[in-house]
Amino acid sequence: MRRTRQTSEARAGAGFALPAFLLILVLLLAPLAALLALSVTDYRLGALTVRLVGLDHYAALFGDEVFQRSLRNTFLYVALVLPGAVFGGLGVALLVHARTRTRGFYEVAYFLPVTATLVAMATVWQFMLHPSLGPVSALLAWLGFGQVDLLNDPSLALGTLALIGLWQVIGFNMVLFLAGLSAIPRELYEAAALDGARFGPDRFLRVTWPMLGPTTMFVTITSTITAFKVFDTVVVLTRGGPLGSTETLLYVLYLEGFQYFRTGYAAAMTVVLLVFLVLLSILQARVIERKVHYA
Amino acid sequence: MRRRRILPALLSHAVLAAGAAVMLAPFLWMLLTSIRPAEEVFGAVFNPIPGRFAAPENYARALTEGNLPRAMLNGAIVCLGILAVQLLVAIPAAYALAKLRFRGRGVLFGLVLFGLCVPIQVPALPLYLALAQTDLLDSYFALMAPFFLTVFGMFLFRQFFRAYPDEVLDAARLDGMGEFEIVWRLAAPAAVPAIAAFSVFSVVAHWNDLYWPLIVVTSSELATPPLGILAFRDTESGGNYGALMAGAALVTAPLILAFLVARRAFLRGITMTGLR
Amino acid sequence: MFTRRTTLLAGAAVLAAPAIPRAQAPVTLDVLFANPSFARFFNPIAEAFTRANPDVRIAFRQPAPSYDDQHQALLRGALTNQLPDVTFPGFNRLPELARTLAPRNQILDLAPLIAEEGAAWKGENFADRMLALGQVDGKQYGMPFNASSPIAYYNPELVARAGGNPDAFPTSWDAVVALGGRIKAAAPQAMGVSYYINSFDSDWLWQALIQQGGGRMLNEAGNAPAFGDAAGRAAITLARRFVTESGMGLIGADQNRQQFATGGTGIIFDSPARLNVITGLVGGRFPLRTAPYPITDQARGGVPTGGNAAVILTRDAARRAAAWRYVKFSAGPEAQTIAVQMTGYLPTNKRATAEQFLGNWYRENPNAQAAARQADRSLPWEDYGANGPRIHRMQQEVLTAVMRGDIAPEPGLERMVSQTAQMMRG
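Protein chains in written order, with this note's numbering: chain R, 56 to 350; chain A, -12 to 263; chain S, 69 to 494.
No lab work stands behind these hints: they were computed from the structure.
Be aware that a few hints might be false.
[Said to hold, decoys possible] Taking beta-carbon pairs under 7 Å as the criterion, some of the chain R residues facing chain A (in silico):
(1) Thr62
(2) Ala65
(3) Pro74
(4) Leu82
(5) Thr170
(6) Thr172
(7) Val174
(8) Val179
(9) Phe259
(10) Ile280
(11) Lys284
(12) Leu305
(13) Leu332
Note that beta-carbon positions come from the ideal geometry of N, C-alpha and C, so glycine has one too.
Use the sequences and the hints to build the structure in full.
What follows is the structure, encoded as structure tokens:
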């Protein structure tokens, strides 16, 4: 009885997993294998001949300043976005959670940027941040910052993109945190109150923060990945400029593969990117395993 | 006691309202621009009432000059097609990952976590070449195929099913229900909130995707909403602000409606996935 | 309008399809153009064409967002046999496209078709200089369709406030820079001149600054940079002077047009193809004026020609014949009239400026004349080959650094030249 149960379970499990396995194979692993193969050739899109170049591309990557700059920019961008994405999302969720009648309005307001169509939003941002016409610049000047050019000053542009990235992701994270908050049993707060934790900060530190631990982890990881993949805003707002200050990894990859048609080189770059992604996913798997113990 | 309650409430309203203003400001400009003529576009913030009310002509241009209505229909077809396959594949797989022991489970979960990190730009070129080889480019299928796989969905549903009580499953098995029946008659209906949550994420992402449609679509009959909007924003003209913003408003509206409809189920859904 | 050859072909098609007697086999041409907003003249031209040629229908593909996107789509299409029948690539991308497609036999040399129309037809419709823009390696792969060279747009009110004469725009760059400086002094919130090569989406405006001084980007053989000379030094020094002397700020290209349209900039330089758009944005704020691009070297100086050429890619004989009719029509006076009126582009057809086509329109739209007045200054938009887009990015970065003052102009130019040479090699 036990044995048949196990085999039928195994059979059903394999059956259910099969389509997913096939899709992963066709849509993820096979393309990656193709890229790996391309990365040792000098293939250019549209070319009639292909030559093997071995590991030349990989060697070139180490001397490629644009690539290395894009790595630095990407990590800087992640570092800029992450704290705001996590703590901003948490803060908004805490405040919205405490509201009753206005909760719906705030939820929609903060979620709206998630639905934005970037093609059109780019135009909006270009205008909002215009150094002499835009309302943001006018506000900054009124606050006494002088004339600030958020998109065209090389020392500010990446930070501006990070703020826009934050604008896009905070609503998403707010929703995740709201969910986490509503799942905290009321009794825990009552118990904490009996222990003397009656006021906001106390309750937060004793109950909310520990109970939200796994959510925070999840949000941190997904936000890291989202930030690491930054691409759209770069394409539509700065095209990597000024002075390459907003060239990110995916954008450089796109330039090499789709603008310069150096397909082989782009493939090598992708493989290096994949190494980072694998590291990220291992880190993620670890964290999630830890989370299993919590639950 | 009373004062203590009012003051924090006021403070939290002030903070939330300020934040909401930042969140909404770009949308406000979008709406204000969509109702004014070209020469008044840049005064919108400081002078919200347009001198000449140009909403009818802007919205008419957005709807007639490009192919926006068709693009929105295509967007609906593509989003629903993607969603249907995603759910059909991800729900059983996630159920298996969460509740069934079978060979390859660890590998599958590892691949799911790995897939979470891979952006579409990475497999794009090989996928494009494969679609070309099979003569499938420029079709609804080409628009949808790369997204049939949703590792995010599989992960989300797995978390949900893990929280589903084993006792209920065992009881169902004793009643003679097969695993297939359990998935679709027990687990999936219980997962409706999670499905609603996932659906919003999925539809929002693919409705607004520009990158992939730009590569695979050549005929304008297959344009998706962002491609439809591009007609009003390109490097050679770049000045059709009124119609561009009217188009953007039209394209965003269905998503906001969808969010409003799904909001309740959506929040409940995420809670129940155990993503605490 | 029918040529002997197409009539013959159509006749053959009728014979081959006896089931539908008398009906010419209808052909649908698959056409790709770049810049979605161009639909506003591509569509009416296609309608006019089909009225004159009921047996040919034009089906436009989803337009590419830019010339670069179009180029990518065409290269991908070449690889996967998804090429359109006719396309309109940008002049700067035409050589690279032709050199990729020609070995694959995926692009048609139009010279024999032009010859078949007769020397008289060719002579009365096209200037040799214009046709040359569509030639690559001695073959006529493209039929020039839209042409443009940079012009000055200026705000006469700001010019007048600065003590300048709005009716006499400066014809030398020193005078432009000086006027810009006076505008900046008279209206400190404004930019005097904005010459936005730091954010322009191609190297077109930068090439203009070199070519007007008699310089060229490339040597005669086209295999090495040639702008490290006096003309190059003058151009890059000028680029820095716009910032130091004319109050230019380094902002985005769209932002520049917005600022100009709201009266915040005295003078900008841009494509005449944007005339209608900029006119619309300016509205009634000020009476927009345009002027020809100043040329320093009257003997050798010129301006690079932007725009696009019609190219036939189909290999099917019947479609080629239909495609040639369409291309010929597009480059004809009637179609050119539509395209020019909708944008501000230069006509590529000599007859289009005649009284029954554009004559009256030019009188009523004096701002469109600036481009026409410098038509005989047109030079090719030079192309660096396969690494062109990469070279443009590098040059733009160095130019930005020079204009910001991070690098002095001369070392900046040296760096651009040496890196360009290096990237052209591989």
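Tested hints:
no., hint, in the structure
1, Thr62, "10 Å, violated"
2, Ala65, "4 Å, holds"
3, Pro74, "5 Å, holds"
4, Leu82, "5 Å, holds"
5, Thr170, "4 Å, holds"
6, Thr172, "5 Å, holds"
7, Val174, "5 Å, holds"
8, Val179, "5 Å, holds"
9, Phe259, "13 Å, violated"
10, Ile280, "6 Å, holds"
11, Lys284, "4 Å, holds"
12, Leu305, "6 Å, holds"
13, Leu332, "4 Å, holds"
When held up to the earlier numbered hints, the structure conflicts with 1, 9 and fits the remainder.
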